[in-house]
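*Asks:* Now for the letters of each chain:
There are 2 protein chains.
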Amino acid sequence: MVISKESHSPIYKDEIPTPALLLDLDVFERNLDKMADFLNQKRGDFRPHAKTHKCPTIAKKQLERGAKGICVAKLSEAEVMIAAGIEEILITSEIVSKPKIGQFIALTQKCPSLLVAVDHPQAVRDFMEAAESTNVKLNVVIDIDGGNHRAGCLPGRPVVDLADLIARSNWLKLRGIQCYAGHVAHTVGFEARKKSSQEALERALESKALIEKYGCPIEIVTGGSTGSYNIDSEIQGFTELQAGSYIFMDLDYRRIGSDHDKLFLDFEFALTVVTTVISRSHSNLATVDGGYKAFATDKPFTPELKNITGVNFRWAGDEHGILELKEPSQEIKLGDRLEFLTPHCDPTVNLYDRLYAVRADRVEDIWPIAARGKSQ
Amino acid sequence: MVISKESHSPIYKDEIPTPALLLDLDVFERNLDKMADFLNQKRGDFRPHAKTHKCPTIAKKQLERGAKGICVAKLSEAEVMIAAGIEEILITSEIVSKPKIGQFIALTQKCPSLLVAVDHPQAVRDFMEAAESTNVKLNVVIDIDGGNHRAGCLPGRPVVDLADLIARSNWLKLRGIQCYAGHVAHTVGFEARKKSSQEALERALESKALIEKYGCPIEIVTGGSTGSYNIDSEIQGFTELQAGSYIFMDLDYRRIGSDHDKLFLDFEFALTVVTTVISRSHSNLATVDGGYKAFATDKPFTPELKNITGVNFRWAGDEHGILELKEPSQEIKLGDRLEFLTPHCDPTVNLYDRLYAVRADRVEDIWPIAARGKSQ
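Protein chains in written order, with this note's numbering: chain U, 22 to 397; chain E, 22 to 397.
One should not assume that every hint holds.
Identical copies look the same in the list; a pair holds intra-copy or inter-copy alike.
[Unchecked claim] Calculated pairs, DSSO-like style, for lysine-lysine (alpha carbon to alpha carbon, straight line, at most 27 angstroms):
no., residue 1, residue 2
1, LYS119, LYS34
2, LYS354, LYS55
3, LYS234, LYS131
4, LYS347, LYS320
5, LYS63, LYS34
6, LYS34, LYS81
7, LYS89, LYS354
8, LYS215, LYS347
9, LYS354, LYS119
10, LYS131, LYS354
11, LYS347, LYS234
12, LYS131, LYS283
13, LYS327, LYS119
14, LYS347, LYS216
15, LYS82, LYS194
16, LYS131, LYS119
17, LYS158, LYS34
Everything labelled a hint here was simulated from the structure, so no lab data went into it.
Because the structure is a prediction, the values reported are computed rather than measured.
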């Protein structure tokens, strides 16, 4: 690796050892600005999901542009973000074990506005007991099942009972409700997605009305995604958007379509994985140094070359990908550095320790993905 | 997380924060011993592939049991293993960029027996030039395409030309040939796998004979996998086995079948991912805190509960899995800790920073996965 004598870091994009995660700063900043401006116009709050980037540097850029706070998926991600000085944080996944509830309390002592999603009376009672015994007031949102049955309380009686249990405690403060329907984010076709998102949020808003009827005001209604950013923000009563992927974009989002195009191109591809051609023994094949350990593989399609057409990527194990050279729009030689759009950005980012922030051919900065691997 | 006051580490298995990677030490040691004993009887050399575990602690246990060295897939993995004091290392993937060739030379200065696979005259010339200019002698093996066209030189004329190029250099020492046919390892059915592996190694042994005919002795013929351990070791002229997964086992290997059973159970499941049930709002569903970031997803099947039947695991995003409770052999409650067999061990291990080494209900040790993420 060619390194600068001062910083021991690559100066030019072409010096970065592959495979590596690249962020095109010009594009990334346009994505950041576009979403911030959009929500500002709609007068909607923004709480971007940091599970996408796991990077405090990026979280701070989102906050600088007006985000009211951030979401994280896990307690251990919250720990990293709080250590980096970030204060307004919602943990969007349920926490149920007593040791983790203890950790949540310790984090609340550092960061009193910390929020967590709850969906079950047993966990709520454990939170209440732990809060009382440590004398720390805790903030929660009730998670509502948006219809995909992944997590969340069922609307109707169960949600009212849960709100009632929380309201009777002096130690828990019910700040709002969360409704994230994972199936909505990637529904293909704008109208189908709109219908699906409206149905999910309807469940949340009915629950809000029910809880408020019993005398408990609901300040926050949080949820949504990059795929529903311009749907949810139109819904009366919805208060904050949790979109994450808009900063990077990926192939899975591109295919969902927008309100004016078959492809969803409202945000641009800022993230790529750069690889090197390390084997070139066949006229119609080239092998790159990135496989299952360089790209997330949870989607039924493969990485796509950024600037070259006529080439298919085929998985070839942990460390390799094979390029089938159908009608390549440029020659592909041994040693070539090739950039790929990723099928799914979040779990791809989770494979890397750092993000190379690039402007044109220069490495402007290297950002630690400080919460990489923090899935606890 | 309940921690011991001295070590800040969990003492009991049930205190480990989830999701986490567990290693059942009793089973792991049986796997280590079984392969060591088998190859000892066959008088075959063993160079286990450390891309599976990325853990110097485990590499040392393999060396203590008679392995002649280890394989790694990447230069950055070799760096970690050399820093941990391991000396006999083969880098099984091609290196082609000049900066990485420079790093290889720096590592060879620390570890003079370091080996790397080469498959192309252009790269060989770059190695020769760099070796001469730094006055460092380098060791290489020629990688032969075993038939899956992922990497490797074509048998026949190309391999002889490459051997000749190497032989004419004073700076490169040709130590042997490598033939790893990825498609063989997971061929289902013992007889089909045997045929497939024999065909691949035949290409390698023909190449060996050709090179030796031109006056260049070939000391090492390296390759093979867990799936072909008792096939390749029977082949005259094959000198060392590169098996990796045998220490952990995974669902992908179980399905390939053995010489006496429809399932391949020659080695036992030592590796699991432990998760917690964090949502339980539906009678027939339970949600655990492990998804795409807790398990590798490159196989067309999902994780499987270790000790419970009648339950299907369904992917539910980056952080969650949904359990469909068909006819569960035991009750599944909120907060339950559940262990899963993994679809594919290598890329799953690459998601974690540490391996909890467990004996019965106790955490005996925590081993850093020091080369986690070292895909460069």
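*Asks:* Would you mind marking each hint as holding or not holding in the structure?
*Replies:* Hint check results:
no. : hint               : in the structure
1   : LYS119 with LYS34  : between (46 angstroms within a copy, 15 angstroms between copies)
2   : LYS354 with LYS55  : neither (38 angstroms within a copy, 44 angstroms between copies)
3   : LYS234 with LYS131 : neither (34 angstroms within a copy, 73 angstroms between copies)
4   : LYS347 with LYS320 : both (23 angstroms within a copy, 26 angstroms between copies)
5   : LYS63 with LYS34   : neither (38 angstroms within a copy, 49 angstroms between copies)
6   : LYS34 with LYS81   : within (24 angstroms within a copy, 37 angstroms between copies)
7   : LYS89 with LYS354  : neither (48 angstroms within a copy, 36 angstroms between copies)
8   : LYS215 with LYS347 : neither (38 angstroms within a copy, 33 angstroms between copies)
9   : LYS354 with LYS119 : between (56 angstroms within a copy, 15 angstroms between copies)
10  : LYS131 with LYS354 : neither (54 angstroms within a copy, 32 angstroms between copies)
11  : LYS347 with LYS234 : neither (63 angstroms within a copy, 38 angstroms between copies)
12  : LYS131 with LYS283 : neither (46 angstroms within a copy, 56 angstroms between copies)
13  : LYS327 with LYS119 : between (46 angstroms within a copy, 24 angstroms between copies)
14  : LYS347 with LYS216 : neither (40 angstroms within a copy, 31 angstroms between copies)
15  : LYS82 with LYS194  : neither (29 angstroms within a copy, 52 angstroms between copies)
16  : LYS131 with LYS119 : within (19 angstroms within a copy, 48 angstroms between copies)
17  : LYS158 with LYS34  : neither (48 angstroms within a copy, 31 angstroms between copies)
In this structure, the earlier hints numbered 2, 3, 5, 7, 8, 10, 11, 12, 14, 15 and 17 are contradicted, and the remaining ones agree with it.
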